[in-house]
Amino acid sequence: MSNGGDPLVSVRGLKKHFVQNDGFIDRLLGADETVRAVDGVDFDIHEGETLGLVGESGSGKSTAARALLHLDTPTAGTVTYDGRGLTAMSDSELTEMRKRMQMVFQDPASSLNRRKTVAGILKQPMRIHGLYAGERDERVDELMELVGLSPQHSNRYPHEFSGGQRQRVGIARALAVEPDFLVCDEPVSALDVSIQAQILNLLEDLQDEFDLTMLFIAHDLSVIRHICDRVAVMYLGEIVEVAGTETLFEHPQHPYTRSLLRAIPEPDPDLARDRRALSGQVPSPIDPPSGCSFHTRCPEATEECAATDPPLDAVEGATPGHEAACIYAEEFESGGGVAGEADAEDRYSPENFASAESADATGD
Amino acid sequence: MTDPILEVEDLATRFYTDEGVVEAVDGVSFDLYEGETVGIVGESGSGKSVTAMSIMGLIDSPGRVEEGTIRYRGEDLLERSESGIREIRGGEISMIFQDPMTSLNPVYTVGEQISRVIRQHRDVSQSEARARAVELMGDVGIPEAESRVDNYPHQFSGGMRQRALIAMAISCEPEILIADEPTTALDVTIEAQIFDVLEELQETYGMSVILITHDLGVVAGTAERVNVMYAGRIVERADVDALFENPRHPYTRGLMRSIPRLHGSADRLEPIAGSVPNPAALPSGCSFHPRCPHATELCRGYDPELREVEPGREAACVHARGYGGPDERATGSGEPVAADGGDDDE
Chain H
1 MSNGGDPLVS VRGLKKHFVQ NDGFIDRLLG ADETVRAVDG VDFDIHEGET LGLVGESGSG
61 KSTAARALLH LDTPTAGTVT YDGRGLTAMS DSELTEMRKR MQMVFQDPAS SLNRRKTVAG
121 ILKQPMRIHG LYAGERDERV DELMELVGLS PQHSNRYPHE FSGGQRQRVG IARALAVEPD
181 FLVCDEPVSA LDVSIQAQIL NLLEDLQDEF DLTMLFIAHD LSVIRHICDR VAVMYLGEIV
241 EVAGTETLFE HPQHPYTRSL LRAIPEPDPD LARDRRALSG QVPSPIDPPS GCSFHTRCPE
301 ATEECAATDP PLDAVEGATP GHEAACIYAE EFESGGGVAG EADAEDRYSP ENFASAESAD
361 ATGD
Chain V
1 MTDPILEVED LATRFYTDEG VVEAVDGVSF DLYEGETVGI VGESGSGKSV TAMSIMGLID
61 SPGRVEEGTI RYRGEDLLER SESGIREIRG GEISMIFQDP MTSLNPVYTV GEQISRVIRQ
121 HRDVSQSEAR ARAVELMGDV GIPEAESRVD NYPHQFSGGM RQRALIAMAI SCEPEILIAD
181 EPTTALDVTI EAQIFDVLEE LQETYGMSVI LITHDLGVVA GTAERVNVMY AGRIVERADV
241 DALFENPRHP YTRGLMRSIP RLHGSADRLE PIAGSVPNPA ALPSGCSFHP RCPHATELCR
301 GYDPELREVE PGREAACVHA RGYGGPDERA TGSGEPVAAD GGDDDE
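Line by line, the protein sequences give chains H and V. Residue numbers for the first sequence, in my numbering: 1 to 364. Residue numbers for the second sequence, in my numbering: 1 to 346.
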């Protein structure tokens, strides 16, 4: 994680509201409902860093990313990229900027054009941005190799590839115009378990090689833990906690983060049986609760929580950069997170395959 | 132990597609005892859902259950006629599916749909069925069941829809509940709630549960015994603690290593090389050999059966500890063969 200096991406007061109405009569009667999908978020992403954005469905994480890139115009707030404000830019200026900011989508099957060969898919962004004229075929081969695909297969269509390979194509497309900022929106959640790790490792390698800055969106905290330097936790359109990855997982200070961590089934019978459910459901973003939006589900909530909407503030006495939006954040004993020390994962290693007695003996 | 309530033996279900015959389930055997939860874990194409559909008698053309027996309380369900199966399906053996939106009919209220299942299997009046529906909706944790019984599915959130489906599945107090990825479409906090409900119901009604999932975390917390499937076969079976403590099959070990974890080291992940094979063109010998770090020449030609490697646990790998090598039919040198690299080309 790089510190010091200005951040590459700086988001302030970002809001994205959608107006929902069921048609003419509703509009006539003024029965519009405003969905507050993203309701005022601030964050910075420094060069070379991966910021994770984690939350349940409806938390606004994907909407925040789209608003950041101005794929959807934000309702309010500013986005500064490398010192330049995106919000005031014209369409042509934005197009120019997008060369530097690319996106990898969740579902490689639906985000790739079925009628185009992979070569055609990879050339499209180069054409749009007028890059690599006359040497696009070479660039396609280079990209294929970069993401671990055989260049001979570039004349194939997306359906001829497996899910993991299609996601490799999606990544190659994002890299085609040499961006310095990559937004990955749930890039592995549609993939088989055994393939997820391949794609996560590929993203890490590419980040190292090209010095990429990343915003990594996921609902899966275990995935976030493995790939991100810092993590922002979203709930109902707001960031409720942000911290360095290790700090967040070992010393979560917001009750929502703590509950999320306890709700995750860990692939370990002892830990998984200890899983505890968080009661209730995510409230509607049309009519969010008063005060702290988490108070309706929070095991620690008091009357004051229904009245006070806590800002995202530095947690006193915690690691610098650790912020939480909870009036009691300082009062929770630290800990309550996961154990960070390495354990007996070695027992699954190929070396211990045939002679697993040693692993048996060290069992916990 | 008493006799199992369900015994699946040598089940083979094939699909006759344009691309050839797909052996979706190829010789699967397992038992389910009363009151227990058995997990079936696998990735896409492993045959776990087809196994469930075969038990439910829901395999449609071009698929056919072609071999094996599925004995429920000693009686082979495959011998039953379609109407005979229907008596059991939804009644004594019931199933919940992954996607709660497509499994509910959008034009009927939730209450009507639950009532219909009840009346299909029980001789009760409309109002009795409705009252039972309200009661069941309360049991699965739907708040204000009295009024929500008249809601349509679109008025329910994803988690509430899944609860409604569970209410429907347990409405006739089934002996066996098959849960096929029941929480895959849901958020983790809702998932944990659903498993709490299932666990409670299992205690109340004494059901046996077959839990089908791709998620090793979910089986770890829920199942007592686990079957790991790969390419239409069960490749490993063990009690849940033994399986996670020390998996014997290289595929299970690979899965355990490749999943990102909350606890322990956050170092680089160790993926399984290659990709899940196309079920219409499975590799020769052991289906896992092209991805296996321990594969030898033997594995290319020899297809290992599931065999006991230790009392109470089985694996299908000639190199697994306790397997004792191939049987007499086997040939081959035992020369190591390199597994495919990181490239997941076919």
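Treat the hints as calculated values from the structure; they're not laboratory data. Because the structure is a prediction, the values reported are computed rather than measured. Cβ coordinates follow ideal geometry from the N, Cα and C atoms, glycine included. Some hints here could point you the wrong way.
[Said to hold, decoys possible] Quick list of simulated restraints, FRET-style, between CB atoms:
{"id": "1", "chain 1": "H", "residue 1": "Ser279", "chain 2": "V", "residue 2": "Glu173", "range": "23 to 29 Å"}
{"id": "2", "chain 1": "V", "residue 1": "Pro311", "chain 2": "H", "residue 2": "Asp211", "range": "51 to 57 Å"}
{"id": "3", "chain 1": "V", "residue 1": "Glu92", "chain 2": "H", "residue 2": "Ser279", "range": "52 to 58 Å"}
{"id": "4", "chain 1": "V", "residue 1": "Arg122", "chain 2": "H", "residue 2": "Asp270", "range": "40 to 46 Å"}
{"id": "5", "chain 1": "V", "residue 1": "Asp239", "chain 2": "H", "residue 2": "Asn155", "range": "47 to 53 Å"}
{"id": "6", "chain 1": "V", "residue 1": "Asn105", "chain 2": "H", "residue 2": "Thr302", "range": "39 to 45 Å"}
{"id": "7", "chain 1": "V", "residue 1": "Ser83", "chain 2": "H", "residue 2": "Asn155", "range": "48 to 54 Å"}
{"id": "8", "chain 1": "H", "residue 1": "Gln20", "chain 2": "V", "residue 2": "Glu128", "range": "37 to 43 Å"}
{"id": "9", "chain 1": "H", "residue 1": "Ala76", "chain 2": "V", "residue 2": "Tyr33", "range": "56 to 62 Å"}
{"id": "10", "chain 1": "H", "residue 1": "His159", "chain 2": "V", "residue 2": "Arg73", "range": "40 to 46 Å"}
Indicate whether the distance between the beta carbons of Arg122 (chain V) and Asp270 (chain H) respects the range 40 to 46 Å.
-> holds, 41 Å
Hint check for Tyr33 (chain V) and Ala76 (chain H) - Cβ pair distance inside 56 to 62 Å: holds, 60 Å
Exercise. Given a hinted range of 51 to 57 Å, is it respected by the beta-carbon distance of Pro311 (chain V) and Asp211 (chain H)?
Worked result: Since the Cβ atoms of Pro311 (chain V) and Asp211 (chain H) sit about 55 Å apart, the hinted range of 51 to 57 Å holds.
Using the C-beta atoms of Ser279 (chain H) and Glu173 (chain V), is the stated range 23 to 29 Å upheld?
At 27 Å between Cβs, range holds.
Is the gap between the beta carbons of Gln20 (chain H) and Glu128 (chain V) within 37 to 43 Å? holds, 40 Å
His159 (chain H) and Arg73 (chain V), beta-carbon distance inside 40 to 46 Å? At roughly 45 Å between Cβ atoms, Arg73 (chain V) and His159 (chain H) fall inside 40 to 46 Å, so the hint holds.
Looking only at beta-carbon atoms, does the pair Ser83 (chain V), Asn155 (chain H) fall within the given range of 48 to 54 Å? holds, 53 Å
**Prompt:** Falls inside 39 to 45 Å, the C-beta gap from Asn105 (chain V) to Thr302 (chain H)?
**Reply:** holds, 44 Å
For the hint 47 to 53 Å, verify it against the beta carbon of Asp239 (chain V) and that of Asn155 (chain H). holds, 50 Å
**Item:** Pairwise beta carbon distance, Glu92 (chain V) to Ser279 (chain H), judged against the given window 52 to 58 Å
**Value:** violated, 33 Å
Hint 3 from the list above is the single one not met by this structure.
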